[in-house]
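**Student:** Single-letter residue listing:
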Amino acid sequence: MTTTTYHRQSADTESQAAEERARALSVVDRICGPLDEATHRAGRLLEAHAAALAWVRETTGHYPSPRPVADAIRQAAASLRDGSDERDPGEVLSAVAAEALAAYLAAPS
Amino acid sequence: MSGYVLDDLALVAGLSNLAGEQPRRGMSWLIHAAVSEGRALDVPALCLAEAATARRSIAAHVADLVASAPPGTVAVGALVRDADLDALLGSNPALDWGPTHAALHALATGHPIVTLRPDRYKEVAVDVVPL
Numbered sequence: 001m002t003t004t005t006y007h008r009q010s011a012d013t014e015s016q017a018a019e020e021r022a023r024a025l026s027v028v029d030r031i032c033g034p035l036d037e038a039t040h041r042a043g044r045l046l047e048a049h050a051a052a053l054a055w056v057r058e059t060t061g062h063y064p065s066p067r068p069v070a071d072a073i074r075q076a077a078a079s080l081r082d083g084s085d086e087r088d089p090g091e092v093l094s095a096v097a098a099e100a101l102a103a104y105l106a107a108p109s
Numbered sequence: 110m111s112g113y114v115l116d117d118l119a120l121v122a123g124l125s126n127l128a129g130e131q132p133r134r135g136m137s138w139l140i141h142a143a144v145s146e147g148r149a150l151d152v153p154a155l156c157l158a159e160a161a162t163a164r165r166s167i168a169a170h171v172a173d174l175v176a177s178a179p180p181g182t183v184a185v186g187a188l189v190r191d192a193d194l195d196a197l198l199g200s201n202p203a204l205d206w207g208p209t210h211a212a213l214h215a216l217a218t219g220h221p222i223v224t225l226r227p228d229r230y231k232e233v234a235v236d237v238v239p240l
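If you read the sequences in order, they're chains C and X. Mapping of the first sequence onto our numbering: position 29 corresponds to residue 29, and the numbering continues sequentially without gaps. Numbers given in our numbering equal positions in the second sequence, counted from 1, plus 109.
Among these hints, one or two may not hold up.
Said to hold, decoys possible - Computed from the model, here is a short list of chain X residues facing chain C with C-beta under 10 Å:
hint, residue
1, Arg164
2, Leu188
3, Thr209
4, Leu216
As the list claims (entries may be wrong) - Cβ-Cβ distance ranges computed for the label pairs, FRET-style:
hint, chain 1, residue 1, chain 2, residue 2, range
5, X, Asp173, C, Gln16, 42 to 52 Å
6, X, Gly129, C, Arg30, 14 to 24 Å
7, X, Glu232, C, Glu14, 33 to 43 Å
Derived by calculation from the structure, the hints in this document are not laboratory data. C-beta atoms are modelled at their ideal positions from N, C-alpha and C, and glycine is treated no differently.
The following block holds chain C by itself, in its conformation from the complex:
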């Protein structure tokens, strides 16, 4: 394969991928509507909640998260849902997860 042919095929592949991505996003927009700030906020909270659970799982090496730790994360996430608390969900929930896991591990079994 010549260098010119390789570059043309590579450009074609990139162009095809971009077209597919645009088509997928248009399907998503039709089904869900475009992203707005409120949607971003809801998404950041969901992602932060899942990330906090994943951190606990990676730290303990067990799935699922210990129930008291999962409950603490869920309660903290609930307090962030209405939007009145504008702190970063990722920072809040990772701190809650670390604190709750430390308390869980320190508690006598």
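For this one, chain C is given, so just place chain X on it according to the hints.
**Tutor:** Structure of chain X alone, referenced to chain C:
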């Protein structure tokens, strides 16, 4: 790759306006993240069947997403009899088939279940994220 298991209640709440704006926004973000960032969305077949009973258009929406998202990103998962299914049925006989199938996929993948009602999994050893 990070990802989520979507149960029947999440599908109905997130792909209709039956449960208000917050769940719809959460689902919208999950789907956008799947298409643009490759986050896995796992839809157990029995959850899709339950959701489509409540709102028929949901099956078409999910099929459109499977067909247009990056390959493998959005997937409808089969129910297969294995040791996990037997154990789950044995320990949670009262759990409906939708949440049972969601729990099976969560156990197999290590992903959290996204649901409108986390309390339905209180007797099951899975991670749950409310929509």
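**Student:** Hints first: check each against the structure and report whether it holds.
**Tutor:** Here is what the structure says about each hint:
The restraint placing X:Arg164 at the interface with chain C is violated, with a minimum CB-CB distance near 12 Å, outside the 10 Å limit. Interface hint status for X:Leu188: violated, as the beta-carbon distance to the closest one in chain C is roughly 20 Å, over 10 Å. Checking X:Thr209 against chain C: minimum C-beta separation of about 16 Å lies over 10 Å; hint violated. With a least beta-carbon distance of about 8 Å to chain C, the hint placing X:Leu216 at the interface is held under the 10 Å criterion.
At about 20 Å, the CB distance of X:Asp173 to C:Gln16 disagrees with the hint of 42 to 52 Å. A hinted range of 14 to 24 Å holds for the C-beta pair X:Gly129 and C:Arg30, which are about 21 Å apart. Checked against the hint of 33 to 43 Å, the C-beta distance between X:Glu232 and C:Glu14 comes to roughly 49 Å, which is inconsistent with it.
Violated hints for the displayed structure, listed by number in ascending order: 1, 2, 3, 5 and 7.
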